[in-house]
Each structure stands twice: as C-alpha cells, then as structure tokens.
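Student: Read off the chains here:
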Amino acid sequence: MADLRTSSDSQLSFLDNEGSKTYFFVTNQKNLLSFLSSGMVTPAASQFRYRSDSRDVSSGAIPFWKGGIPQNEKWEAEINDRTCVVVEYSQDHIEMYAGKSTAHLSADLVVVNAPVPISLASSIYMLSEEAIDDFLLRVPGDVAFDRSLFSARQVFPKVSDKIPTEIEVKDISPVIEVIDSFAGGIRGLQSFSDEIGTDLKSVIPAILTFLNVLSPSSLKWSGGTEIKVSASDKVLLTALVPLLNEHKEENGYDPVSFLSCLENLVRDISGSVPEDLVKWFSYAKALVNAEKEVKPLSDQGDIIQRAILLFILRPNLERLQNVRESSIAPGQNVLSLAVFFAGCAVGITRMGAPFKGPFFSYTRYVKTVLDALWNKSNLNARLTKSSSKGRGSSICFEINGEALIESETKQDPVLARVFNQARSLGYEVNYDLERDELVYEAHLEGNSRQLVYIERLSSKKFQGLDVIRFISPCLSLSPSKMRSLKKAHLLDLLLRNDSDDFYCAYALSEKRKALVVEATQIVNTMDDAEFETLLNHVARTAAAYEPGI
Amino acid sequence: MKLPKRTELSEEQEDFLFDASLDKPVLCIGPPGTGKTVLALYRASTLAKKEKKVELIMHSKLLNSYVSRSIKELNLQVESSTWHHWVYSRLWWRANAPFKMPQLEEFLPNFQRASQLIASRKVKHPSRMYWEHLIVDEGQDFPKEFYLFLSLLSADNSVLVGRPTPGLTVFADENQRLEEGRNSTIDEIDGFLGGCEIHNVRRNFRNTAPIAKLAGYFYVGLRTGIPEVPENVKGPKPILRRFETIEQEMQSIVRWLHNNDDCSCGVIVPDRRTQRTVVDSLRRIAGPKGLRVQKYSTGQDAATLEFYQSGCITVICDKSCKGLEFDAVFLPQLQSYRTEGADEDFFRMKMYVMISRAKSFIQMSFSDCATDPKVLEMLPSPEQDLLIWQI
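Keeping their order, the protein sequence lines are chains A and B.
Residues 1 to 549, numbered by the numbering used here, are exactly what the first sequence covers, in order.
Residues 1 to 391, numbered by the numbering used here, are exactly what the second sequence covers, in order.
Keep in mind the hints are simulated off the structure, nothing from the lab.
Please note that a few of the clues may not be correct.
Claimed, not checked - Derived pair list, reagent style DSS-like, types lysine-lysine, alpha-carbon separation capped at 25 angstroms: (1) B:Lys289 <-> A:Lys295; (2) A:Lys234 <-> A:Lys220; (3) B:Lys100 <-> B:Lys124; (4) B:Lys2 <-> A:Lys248; (5) B:Lys234 <-> A:Lys285; (6) A:Lys220 <-> A:Lys376; (7) B:Lys5 <-> B:Lys52; (8) B:Lys144 <-> A:Lys279; (9) B:Lys122 <-> B:Lys144; (10) B:Lys319 <-> B:Lys374; (11) A:Lys295 <-> A:Lys513; (12) B:Lys100 <-> B:Lys122; (13) B:Lys49 <-> B:Lys5; (14) B:Lys234 <-> A:Lys292; (15) A:Lys248 <-> B:Lys322; (16) A:Lys201 <-> A:Lys170; (17) B:Lys322 <-> B:Lys234; (18) B:Lys350 <-> B:Lys374; (19) B:Lys49 <-> B:Lys100; (20) A:Lys285 <-> B:Lys144; (21) B:Lys289 <-> A:Lys292; (22) A:Lys292 <-> B:Lys237; (23) B:Lys350 <-> B:Lys319; (24) A:Lys248 <-> B:Lys5; (25) A:Lys285 <-> B:Lys289; (26) B:Lys2 <-> B:Lys49; (27) B:Lys237 <-> A:Lys248; (28) A:Lys228 <-> A:Lys201.
Said to hold, decoys possible - Anything over 12 angstroms on all C-beta distances counts as not near chain B; from chain A, calculated: (29) Ser20; (30) Leu109; (31) Glu168; (32) Ser218; (33) Thr238; (34) Val278; (35) Lys292; (36) Glu325; (37) Ser326; (38) Gly352; (39) Gly357; (40) Leu490.
C-beta: ideal position from N, C-alpha, C; glycine also.
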C-alpha cells in the first residue's frame, strides 16, 4: 500500500533567492505527451511510457536547472533537436511541490522527486514555431493542450552542468499511481454528473474506502452523513480498491481472472469468503461466462454489489456511457458507484478526452488533486450541501480544503417540463431535488389529503420517448410484510386492475415501501387534460383504497 | 468508431505517428492485425489538420466500406475509395474522359501505356491527376507499375503545374500478397517510389494475448507473417464448449451478447447451409431480446451491413471473414467442418484467419453430437493450455 506521506509537509523558500527565479527542465515531445495526459510532470518511474530524457542523469527524478541549460555538447545537441522540449517553471512553483522531496540541491540545479502540475509551467519551449505546429498536429485527440502555453526558443543562458554521479531517489510511483487512480475516479463522477446527478451519498463509502485502503494517512470524515455499509460490502470494497489501482488499460482485461483475484483478496482479508459473497461470486462468474443472463441492475437491494457487478461487465467509462439504455439499465446510484470504480481503474492519465474536458479545466483539476493529496499527513474529507434560492442546491466534496467536486443540483429537464405544466394549471407541485421527483399534496373531498409523486422513468426511454409515472401510496408495507402478502390479497389487486373504470394500477413499490396506485404516461404527448386527469385519478384511487381481503 | 487513445497505441505506433515525415513518401510495413488501417486513419486525420486534401485508397470493398463509415463517424475531411475506383475514375477519367484507362486485361490498368500517353501529352487535362496526399492501405495488393506511375505523375510538370510534390503514404504487408503477378513486394514499392522513409509495426494490435496465442498455434506460414504476441494484454482464455442441442448452443451466443450488448459479435461458419441453420436458430432466440441477426456472404453489398454495430450478431462464412474484426467471435457447429481429405495446412490457415478476427473473446462449440467431432483432433490439447476444454 502506498503512503501519501512521502515526507513531512513542504518546506518553503528553500531555493537560493539570488539570481534568476526561473528553472528549466529538458525533455522531449513524447514525454511531453505524457505530461499533458496526466496533467503533471513526474519522475521517470511514475510516468506512462517514459522516453529517455534529462531525468536519466538524475536517477529518474526531475532536474530543474536554474536560469538556463547546462553548458556541454550533449545538452547543446539535445536542445537543437526538432523534438526537444524545455519546460519552464518559476521558483515559487517548484518550491511548492518539491519541499523535502528534493533529491539534490546546488546553486544551479534542483532535482525534484515529486509530481509538479503542468498547469503551473510558465512556458513550454520548442526549437521553432514549425516544430510546435508539427507536434500539435500529431497530438492524439485524447491529449488536451493549449497553444498559448507553447513558444519557440533556441537560445538559453548557459549554466554549469555539474551533477552528482549518484543521486538517491525514493520510488514514489506507488503514491503517484494512487493519486492518478483516485483523480480518475473523481473526474469520472464529474463527467457523468448529467446522468448520475450530484447526490454522492452512495459513492462516499467507496471514496473513503479507497483513501483508507491505499493510504495509512489518517483519514477524518466530516460529511454529516451516516454511512451504512454491511460487513460483507466493506470487505468487498476493501478488496476491490487495490485491484482498481493496479489496473492498467493497456494490459487488457479478463473479467474471469479479475473476479478470481477479487475473491482471493476477500478471502485474504476475512479469512474466508462470507456466505452472502459466495453466492454473489458464483452469480458474477455465471454472468461473465454467459451462463446466466444479466438482469437490470436497478437501485434496489445491495447497491455496492450491484455496482461492482456493473463495473465487471462494463469496466471502463466509455462502456458505461450508454449503459442506461442497455439491458443492464442500472439505477442512478449503481451507475454512480460503477463510474467511480471505472474512473479509478482507468486513472486520470489514461482517461479519454470527453471525460477529461478542456485543457485548463483539466490541468487545474489535477493541481487541485495534488494539492489535496500530495505530501499530506492527514486527510480531512468533507461533504457539504447548501440550498440556494430558487429551485437548486449545491454540494461540495473536499479533501484538505480542496474542493474536488462542486456542483449545483439541476432539475431533470423532463420533470422540469411537467413541473411548469402543473404550476401553469394551478397545481402547487414541488420539486424534490434530493429524490429527483415531483411531489403534490391533493386536497380531496372531506378534507382528506393524498400525496402524489411524479417520477421520471429514466432507466430507459420508450422508443425514444420520455415517460413519467404518477404514484400515490395507499398502504404502508414493510419489506417483511410485503414478502408475506397472501396470494388472495394479490389476486384481489390484480382483479381490481382489470376494472373498466380503472385507469391506473395497483403495484408494490420497494422504493416507497408501500402498496401504491400508479399510472404511466408519455410526456412528449401529454396535454393539460391528460395531466390533470391522471394526477387526480391516481390521488382519488389511492385515497379510496380499502383492503378487500 | 473512435481512434484509439494515445495510451491504447503501442510504442511503435506512437513512433510512427510522431516520427513519420508528412512531406516525404512514407512506407509502413507490418503483418495483419498490427493496426495499419488505424494508423492510416490517424495519419489522414493529422494531414487533414494540416489542411491537406487527403485521399485514402485500398483494395477491398469491404475494408473501404468500413473505413468510409469510420471517416464519417470521425468527421474527417478525407475521401476514401477502392483502388480500382481511384485509378479508373478519380485519376484517369477526370483527366481524360471520354477516353478510358488503357488496360492489360479487365480491371488491370496498363500503367505503361498510360505513362506514354502522359509523356506524349495526349492526356487532355493532366493537371486534374494531381493529388495532395494519397494514403494507400493494403499497398501490397497493387501492381508495382502503379507505384512507378505515381512516381511519374509526382514529377510531371503538366500534372504539378507549379504545385508541391504530392504526398504519399503506403501501408503494406508482403505476407498478404493476393496474387504474385498483380501485387508488389516491399522492395518493389520502395524501389519504384524512389526511397521511402520506412517504418515497421510488428506488435499485435487487435487480439488479446490468449487469442493471439491460439491463432498462432494454427499459423503455418513464415513467422514474420504474424504479429508479435502482446504478452501483457490480458483477456478471457478461448473456450471450447459442447451443447446438447443447437438451441442451447445459440442461446449461449445470445446470452453473451445480451450481457455485453455494447459489443460487436461475429459468428463464423464453414458453409452456407450451416449459415442458414445458425441464422434461423439465432433469430428465434435473439429477436425477442431486441438483438439483431444479420448474415453476410462474399459479393453482398457491404454497405448494407452494420459490421461493428453493438447488439448485433453477424453470421458469416469462413471465406468471407478476412478483413473483419469483432469484439467476440463464435465458431459454432464445429461438427460441420470437414477434415477428412482436407489439406491440413489449408484448414489450419482457415482457423488462423477465423480466430484472429476476435478482439477479446472467442468461443468454439458443437452440438447434437454423439461422439466428439473429428475436428477436435486438430485443436490444441488441454495440456497445451491455449484453450479451455469445457466439454
């Protein structure tokens, strides 16, 4: 396991304040691709596909030369190459990340064994404007960049090339892997926010387990939300996290061996595989071997187990993009968790362009993650929610004061349309952002009141159409009562559903723990009369319910 | 279709994309499955960003159909066509209509005669033969005289009329030559183009290690004809299954696609009779689940098919599967394969081609058999650990 604490907290102003405040790092175009991909310059061992550069002379740590480039033939030749890249940083920024992660320090050189955000680079130099244009033409689409960072420069001041023959460098790649993976998970959640909403409750246990498992740094949680996770799920999450962290996209993926590894880790953690997980593993194996057909993974039952199953079947963000339209049709919470897992598995460096977003937003985000996690002895995680005026509210998830997820909860566009339709007809409908549904209290004859909920059936569109459901509870039923309902009672409900004057249906709702009356309606074609009729009919029918048996 | 991410490209592919000159003639050599067509699309995208008008040509109609669709999906400003269309229509007819391209025989242009006509200024609008950058995929499939002809056009002032020398990139694999007389060797392409910048790609880009190893077991040609096994690329081990009935066998295919309905699925069979049986059975099972079943045979218009559409099963005969790839490949009805009297090398190469169509999953199966089909003797034994025998 990696320890996020590579040394004690940063030591400020350790560099010589005399002379130039500018530092240069000499590399090449292919390594620059990796820096742009990961959003940070890292020591060689932590970099995806390291190609030999100036880090060769400093045991893989990053050599920053003060005020210029070393004066000798090797470096002269290097910077005159079409593919040479010189990255410039200011002294303040190097100090911010190097701290005591400095492997060597002299008047002309500081060798840094730490990740340094690329967003803080003052400039990226290449030999000529032509070299820059040629490079940028060839950059694959998933690597974001901004032309304004690049400048042509051939001449640099010369500095002494003295560098110790042996520099001792601690391997920080396990820490960088954790940061890369965690940053991927959070970025995944950010990029899926339109689909999964902003309610992070279901994901928080996984986020905290991730940080707990991968770092013995002391973690404090002050989210204000009670997080209940079963003992089996705790074990499952704890076993999953290292597998996500180790996963490398370029090494392919075998769901069968992934499940075996997960099972072995569960056994290692708890001595044996808990009984409920034995069944789960057996089911998961049958699914990946296509011996059984996957059923929709809605937000019912064990969300964590369902989400891991979804991740095993769709192990990357690309495959999760349209999964709600697929046969798996996961619920929002199941999808949120699976997105976090897939984001952690792919990591930030290997993440595709649609998930990373534009260059500045992406690289700023990477800097925020580094500021939250790099070189920290304590991790203070917090989730805050605030309601804003009007119809929205906002949430903020932060670690060590760095906001990693900040978002406004938005109304579902389909429900918003129904909301406006209801209000225009004079119905005092409220939008429950937390549950993403509309709530209406119907005032019926005899001063009775009946709640009607309107929810969007978002798991699947019906032939491209948006569908909503009017739901009104008529009898509370605990899960155990629901299971013990008599056949005669159920038959009575089915017979009532068949009545000629019945335009809705009785159903058992696990979500609302109740017997409910419900009616389904296509929104695209719903006029005002249909809306009013269904709303009132569902309310009256539910209010009038009397058990027949 | 998406171009692979940088991290999905191999190191040698990345080297090609960053190191290959955009102005000089470039020749990229590699065996099948090393991602040459992907590199061709990547290069087309790079050149298009440089505001070059890029034309991409290849031999196979099927490949062209796939590439055209990819170009559209990627929103690239690139024109794709078959070699025949490009030579006869785009190059010659545009410059010299109503006079047709001289031919040695049907569909074999007489480039020598065409060159003489240009040299003697008998072509009406030679400047219309100019191209800005031409990318040739499956470059080994074209006659060497074609490359000589391109060289001639690239240097002819009546074609250039003051414009820069046209660019050329050729992707080729000597091991895949279709017909000796009509095709070119790498040396011939290089020689006729007058010294190309040469790049090599060797690593298997299509298959996982377990699939590449199983395919390699059947390969009988020169070892240079197959790509290097990507040892680090994990994937499910290929599996051999026995089923009681064909319905159960087809159900296993439909179940796999149901659980992976964002993937493409190819079912390869030995003959049209088996194809009909399999298609009928699959349609009965897949239809109610909203999964599509389509069949493809050589000669059929490839444009009517959705080869790479998710949630779709494509049933094809073994002769038509070259050049295709699917996330999962199923080889059902193994009992229908004839082994008696068949040339063993021929059978092995057929198996090699079929297996190497699979990107990440392969299942072989048989059903309705009282005894094991003979073909099983040709498969690697359980001890060889290349195939899970679940029979």
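Student: None of the hints should be skipped; say for each whether it holds.
Tutor: Hint check results:
1. B:Lys289 <-> A:Lys295: Within the cut-off at roughly 12 angstroms; holds.
2. A:Lys234 <-> A:Lys220: 17 angstroms, holds
3. B:Lys100 <-> B:Lys124: Distance ~12 angstroms between B:Lys100 and B:Lys124 Cα, so the pair holds.
4. B:Lys2 <-> A:Lys248: 20 angstroms, holds
5. B:Lys234 <-> A:Lys285: Holds: B:Lys234 and A:Lys285 sit about 17 angstroms apart, inside 25 angstroms.
6. A:Lys220 <-> A:Lys376: Between A:Lys220 and A:Lys376 the Cα gap is close to 13 angstroms, so the pair holds against 25 angstroms.
7. B:Lys5 <-> B:Lys52: 23 angstroms, holds
8. B:Lys144 <-> A:Lys279: Violated, because 63 angstroms separates the two Cα atoms, which is more than 25 angstroms.
9. B:Lys122 <-> B:Lys144: Given that 25 angstroms is the threshold and the Cα spacing comes to 23 angstroms, the pair holds.
10. B:Lys319 <-> B:Lys374: The hint holds at about 21 angstroms.
11. A:Lys295 <-> A:Lys513: 22 angstroms, holds
12. B:Lys100 <-> B:Lys122: 13 angstroms, holds
13. B:Lys49 <-> B:Lys5: Holds, at about 17 angstroms.
14. B:Lys234 <-> A:Lys292: With Cα atoms ~23 angstroms apart, B:Lys234 and A:Lys292 stay inside 25 angstroms; holds.
15. A:Lys248 <-> B:Lys322: Answer violated: A:Lys248 to B:Lys322 is near 30 angstroms, above 25 angstroms.
16. A:Lys201 <-> A:Lys170: 37 angstroms, violated
17. B:Lys322 <-> B:Lys234: Cα-Cα ~24 angstroms, so holds.
18. B:Lys350 <-> B:Lys374: With Cα atoms ~16 angstroms apart, B:Lys350 and B:Lys374 stay inside 25 angstroms; holds.
19. B:Lys49 <-> B:Lys100: 34 angstroms, violated
20. A:Lys285 <-> B:Lys144: Outside the cut-off at roughly 54 angstroms; violated.
21. B:Lys289 <-> A:Lys292: 14 angstroms, holds
22. A:Lys292 <-> B:Lys237: 19 angstroms, holds
23. B:Lys350 <-> B:Lys319: Holds, because 8 angstroms separates the two Cα atoms, which is no more than 25 angstroms.
24. A:Lys248 <-> B:Lys5: 13 angstroms, holds
25. A:Lys285 <-> B:Lys289: Holds, at roughly 22 angstroms.
26. B:Lys2 <-> B:Lys49: OK: B:Lys2 and B:Lys49 at ~17 angstroms, within 25 angstroms.
27. B:Lys237 <-> A:Lys248: At roughly 19 angstroms apart (the allowed maximum being 25 angstroms), A:Lys248 and B:Lys237 satisfy the hint.
28. A:Lys228 <-> A:Lys201: 10 angstroms, holds
29. Ser20: Fine: 32 angstroms to the nearest Cβ keeps A:Ser20 off the interface.
30. Leu109: 29 angstroms, holds
31. Glu168: 29 angstroms, holds
32. Ser218: 34 angstroms, holds
33. Thr238: 23 angstroms, holds
34. Val278: A:Val278 clear of chain B: closest Cβ-Cβ about 21 angstroms, beyond 12 angstroms.
35. Lys292: Given a closest Cβ separation of 7 angstroms, the condition is violated.
36. Glu325: Non-interface label fails for A:Glu325: nearest chain B Cβ at 9 angstroms, not farther than 12 angstroms.
37. Ser326: Contrary to the label, A:Ser326 does not stay out of reach of chain B, its closest Cβ about 5 angstroms off (not over 12 angstroms).
38. Gly352: Non-interface label fails for A:Gly352: nearest chain B Cβ at 6 angstroms, not farther than 12 angstroms.
39. Gly357: Non-interface label stands for A:Gly357: nearest chain B Cβ at 15 angstroms, farther than 12 angstroms.
40. Leu490: 27 angstroms, holds
Checked against the numbered hints given earlier, this structure breaks hints 8, 15, 16, 19, 20, 35, 36, 37, 38; the rest are met.
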